[in-house]
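*Asks:* The lines below spell out each chain.
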Amino acid sequence: MLTSRSSQLKYGIIFGALVVVLAIVGLMAVFPTATNQGYAPEQPIPFSHRLHAGQYKMACLYCHSNAERSMHATVPSLNICMNCHSIVKGDSPYIQKMKKAFAEGKPIEWVRIHELPDFVYFPHKRHVAKGVACQTCHGPVQEMDRVYQYAPLTMGWCMECHRGETTPRNVLQNVYPQMKNPQGPVAPVNCNTCHY
Amino acid sequence: MNKNSGKDETSTFVPPRHWLGPEELEASYWADPQVAEKRSQEFYEKPVELIDAIDKTDTQGLARREFLTIMGASMAMATLSCARRPVHKIIPHVVRPEEVVPGVSSYYASTCKECSVGCGILTKNREGRPIKLEGNSEHPANRGALCAQGQASLLNLYDPDRLQAPYSKSKGQLSGTEISWETADAQIAQKLKASGRVRVLTGTVNSPSTQRLINEFLGGFKDGKHVVYDPLSLGEISDAQEASYGTNVTPKYYFDKAEFVVSFGADFLGNWLSPVEHSRDWGQGRRLDSKNPANAALRFSKLVVFESIFSVTGANADERYPVRPGDEYRLAMALAYELIVSKKLSRFASDSAVIAALQGYKPEVIAAEIGIEGGAEKIRALAEQLWRSRGKGLVVGGGISTRNSSAHALQVVVNLLNSALENEGVTVAGAGVFAQPGSTYAGLAALIEEMRAGRVDALIVHRTNPAFTTPRTATGLEEAMKKVSLVVSVADHADETSRFADYVLADHHYLENWGDGSAWHGVYSLQQPAIAPLYSTRAFEDTLIAWAKGAQLKVSSRLSGAADWHAYLMDCWNEIHQSEHIPSGFQQFWETCLRDGVYTAKANSSTKASARAFRSASVSALTKFAPAAENEMRLALYESIALGDGTSANNPWLQEFPDPISSITWDNYLNIGVAAAKRLGLAENDVVEIQSADVALQLPVHIQPGMHPASASVAIGYGRRSVGKVGNLAGVDVFPLVKAQGNELVYAGLPMALTKTGKFYKLAATQYHTASENRPIINDISLAQFIKNPGAVNETEPELKLKEIPTIFPRHDYKGYRWGMSIDLTQCFGCGACVIACQAENNIPVVGREQVRNSRQMHWIRIDRYFSGTPEKPEVVFQPMLCQHCENAPCETVCPVLATVHDDEGLNVQVYNRCVGTRYCQNNCPYKVRRFNFFDHWKSYEGSMNLAWNPDVTVRSRGIMEKCTFCVQRIRDAKDQAKDAGTLVEESSLKTACQQTCPTDAIVFGDINNPATKVSHRNDEQRTFRALEVLNTRPAVSYMTKVRNVERAETQEANEAKEGAHS
Amino acid sequence: MIGPQGNKKSLGGIIGYFDTPDELVTAMKDVRDARYERFDAFTPFPVHGLDAAQGLRRSPIPYITFIAGLTGGSLGFLLQYWTSAVDWPLIVAGKPFNSWPAFIPVTFELTILFAGLATAGAMLAFNGLPNHRRKAFDPGLTRDKFAIVIESPEVESKAPGRFKRFEESEVADFLRKLGAKDVAPVYHEAWF
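So the protein sequences, as listed, match chains A, B and C. For the first sequence, the numbering used here gives the first residue as 1, with consecutive numbering after it. For the second sequence, the numbering used here gives the first residue as 197, with consecutive numbering after it. For the third sequence, the numbering used here gives the first residue as 1260, with consecutive numbering after it.
Take the hints with a grain of salt, since some may be wrong.
Quick list of the computed label-pair ranges, beta carbon to beta carbon [as the list claims (entries may be wrong)]: (1) A/Lys10 with B/Glu233: 56 to 62 angstroms; (2) C/Ile1326 with A/Arg50: 56 to 62 angstroms; (3) A/Tyr62 with B/Leu1180: 55 to 61 angstroms; (4) A/Thr35 with B/Glu295: 47 to 53 angstroms; (5) B/Gly324 with A/Glu68: 19 to 25 angstroms; (6) C/Leu1388 with A/Arg146: 55 to 61 angstroms; (7) A/Glu68 with B/Gly587: 55 to 61 angstroms; (8) C/Ile1326 with A/Arg146: 55 to 61 angstroms.
Keep in mind the hints are simulated off the structure, nothing from the lab. Built from N, CA and C at the ideal position, the CB exists for glycine as well.
One chain only, chain A, in its complex shape:
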């Protein structure tokens, strides 16, 4: 033998450690960190934003009207869908499924995609009022057939905008006139801005 037992042991340990390191790195690369970015679950009704918001150019706030009134943007209630679909495309099986649910008084149980933990309070109303476009955070929804989570929605990602690093220009124009400290962040960065 060229190598003795002790050297075998040595090589063995190095090799083993390398395998473990590779495994960890590999798994971390394959399984994303817990941001749910890219999450695109199947919905009970395959509602296509590309069709409604993209092709027909319906305003986001028409359906998600609570986004400018409340913390929660909310998924639209069935009566908003029925505004059009009581007449439009009645032959589609999905529309019929929706009409049946509406008649029975049962809501559609959508699968939630964008969800922040319980200790975070995100007010849609304030962001909409400042002129932040829906696409800034939710991505090109008007091109999505099936909605996926576009942004990581991590705190660091939020802070980048609040600090003025990735803030859209139109928002900066809204914000600058009133800012307490022009060199400072463009939006509040206190801990209790979101965590209370």
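Here the structure of chain A is known, so what remains is to put chains B and C in place on it, guided by the hints.
*Replies:* Positioned in the frame of chain A, the structure of chains B and C alone reads:
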């Protein structure tokens, strides 16, 4: 800082000026090494004692082994499972109601029905359910404030032990078989049809419409009668009013117009008649302005209290005299004697009937037998003072703790005094009255007699629980009920009385029901449902309507034609609409009233009332003088601020609410004075057996400074046998001690024999969990001192108020909003409404008796109660203590992960998700206001109780520190609305939960960067100081020294000169 | 060369054992002057004068320690300063953002940490550790024996002119002449 730390053994012991308990006045206490060790610990209880508690599995904490296995398992699972979160659904409405925006609160006006007053409230609704109650500022009685019981009544709605469906059973059994409403109606209606003699037994009905409905329902029977039994109702007042003035009403009291108030046992700030209204009014008379101190001499009221218990009103008295239970009457008579017979003042001086009735009640005799400090001189001085402020004074009396055979006579002499002093018509008026007169036991006694004689065919019980609130065996209630063929109980819990019913029908909670209320004649408030009924419950009124139809009773057309209770109510209000000649149509009137919550008639009783003529014939009711019994121990029963008569004993917020005087939670206890305890050899937490008549009970003892040596007291409402998991057997049921004397129930002056059992029961008191190490945290001065120098004491106590000390770094500049708070200790009377309001608003959990014993109660704001003076005659100062949001916060420096920092508006922020549970911040906080979640207390909110959480506030799990946030969610909301409108936040639109509910506006919150706000004005006052200012923490919360209306200026200065620098 | 076990072996060097440290030092001077390329001494305890006799330079480790310490300190301070005063200023207990007294503990700790780690690392590096190839071939060497070993170069010398060429017998004689009581060859394989 503790000047008694033993450094200089030769110095004489000087007792601390403000003390928590009488033991602190003894030199031996401070010299005890065990005590020194205990006080040197940051927190009183050693965690070692908890190991046993942890190892037992209970719902609130995990056993240690369990915890480790779960930790291990979850770690393994976390590494094995995929990284995505579990699938969550998001479910919108089918048709969203226009006014329901998820995430936005809507407010509905309603009426609180927790007690019999009927204060107007606003329910804050989120997604179709109420999460917070607030006082309705439009309602003339409470004007925006709400008491602790009212705030807690929200949780009763979500009580998982509520009855959820009607059931039928046999008498004597607790449970039965569930039946449907239709079946119940059919069976009961059939039986009612065959009944001629029907009795409806209810608690106080303060709803004119409900009263009318009951009357009309009973009109359909041959012999129908409505009997009211409410142990807390003061029927003796209205009976005496009838005798003295000819009107059977409960009068309206104007404490804001009274400059001199004498109370004979009436706890008007606590729970006598309408406490929120009274305390609001009383607070008006105690306002001070440092810029015009002399004005205070003209306007600042004075309160003198004679009582046998230690009540909140007594704690706020300028002069308080402990008496024996039942002595209040004798004192009132002595006062009347002094005024009318000795001094020959008032128009009764020539009234022979009155003079004859007063004979024998000489002040010297009475004062001597009771032991009044100052003796007869005091009574004479009192009479003089009352006469000087005639027309602007007020004499009140009564309450459960005075209820004995002289209760009626006490009220008559109070009427006599008020008439003699020309207060009648000014500070007390018969025109402004409660909607209903009070009730006494007489009604129930007659009913029991009827039932026993078999003269009742059907009994319907609603909102009253006589099987618990009367001495069961003595009254013979249970046997009597067994003789009634049909007994129906319409209740929200399976209580003690429903045990003897045939049918138990589940009642709505008041937040699920329509109705109305009337705080006084001419004020009508509406009650509307804030939530669809959670269970298969039905309103009592709807039940009566259903039976009227089902039994085909011959009733009025309004009742027989009513579709349901809602329609009936609208019909009743239509009459108001007609009688008031309101120009708009009824529908508009109705909707306006629903929106406002209250309608005040043009001719209502706040308008000027004229003095009624006193009927001298009523003095014949006054008991003749007889020498008092010897000074043996006598017992008084009283209602606690938390539980009242025990109806809400299953409410954990109320059970854990620390009593303002004793700070004890979860139990009732026997209050005994310091001298009596020494004489009997009793110590705190000893268990004694008391025997009164032929009833023996065991109770833990609480040494209460300020009790008469021959007086003991204990609270009713505890020890219920069937109310739910929380309330069952919490405390001891003392109703069996009540003496039934014919038509009367005697609660006060019960003779008592006391024997020690040698047992020990640790009462869960919260006051002794923190100690300020004799640092000057609080102070009080007399009115004379204030007038001479509004900054008195703040300047003379060098360590109370900090002069400028140099800082080693410059202070941060807080531009924009800067939030601060000011608490006026003269206005704070210790009711504790702020404690429950904060608990409701901020999702503060309940921890249970065991954890309270371990000092782990979670209240973010607590009312610290300090005594001063002697243990026999103490004075009380209340100090609400909450997170001071210090500018130089000691807690922020020591957090290793910066979970607590300051925001740029002056708030000390606690970031729950960042906190790792080091607890160094709690250690470092000098005010000890930080609360740590040792367990997952939120898990104890089972089932429907989870609906009570406020969604705007994070629910904290185990291992997280929490504390007052100045209601940051409300600040956020107010700023949101201001930004929408493009303005700055207005003072009126932003109130913290504690500020919002305070009846006297003791707490004021606002922007201290804005010199125009109320809080800025208060901070400029000379009376203002900051707690523990010497530590240079720079709190954002300031306090204003309590001012008492006592003649003490000379002794005050003398004391200060003697003590020199006070530590 | 065939070693005792019959395999082919290559010579690592010649080792000479001395009895006393003084003899060792004296001999070392001559070995140094003889200008062999690789030689070393083995002693059970540090011997005064041996470093000079061997011609060892002063270790550069202190400079490394100093530089590493400075790095650590400035890194620590800069980290705290940047996070507290530049990147995300948070008001903590009213202290200014650049509250240098509060930064002292971390700065100190990082100074010590970097300096300590660098010192240990540099020491290992300069000693060629971990060295899997060189092993103790004689257990008595660091126990109770004093020895000088002159090694035969494994690779071609970088500056062949500067050093005296290694000749096995010459070196052995040389060592015996210098006073070595025992002279033995050391094989590369034996170093394992």
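*Asks:* All hints, please: hold or fail.
*Replies:* Now the hints, each set against the structure:
no.: 1; hint: A/Lys10 with B/Glu233: 56 to 62 angstroms; result: holds, 58 angstroms
no.: 2; hint: C/Ile1326 with A/Arg50: 56 to 62 angstroms; result: holds, 60 angstroms
no.: 3; hint: A/Tyr62 with B/Leu1180: 55 to 61 angstroms; result: violated, 33 angstroms
no.: 4; hint: A/Thr35 with B/Glu295: 47 to 53 angstroms; result: violated, 36 angstroms
no.: 5; hint: B/Gly324 with A/Glu68: 19 to 25 angstroms; result: holds, 22 angstroms
no.: 6; hint: C/Leu1388 with A/Arg146: 55 to 61 angstroms; result: holds, 59 angstroms
no.: 7; hint: A/Glu68 with B/Gly587: 55 to 61 angstroms; result: holds, 59 angstroms
no.: 8; hint: C/Ile1326 with A/Arg146: 55 to 61 angstroms; result: holds, 57 angstroms
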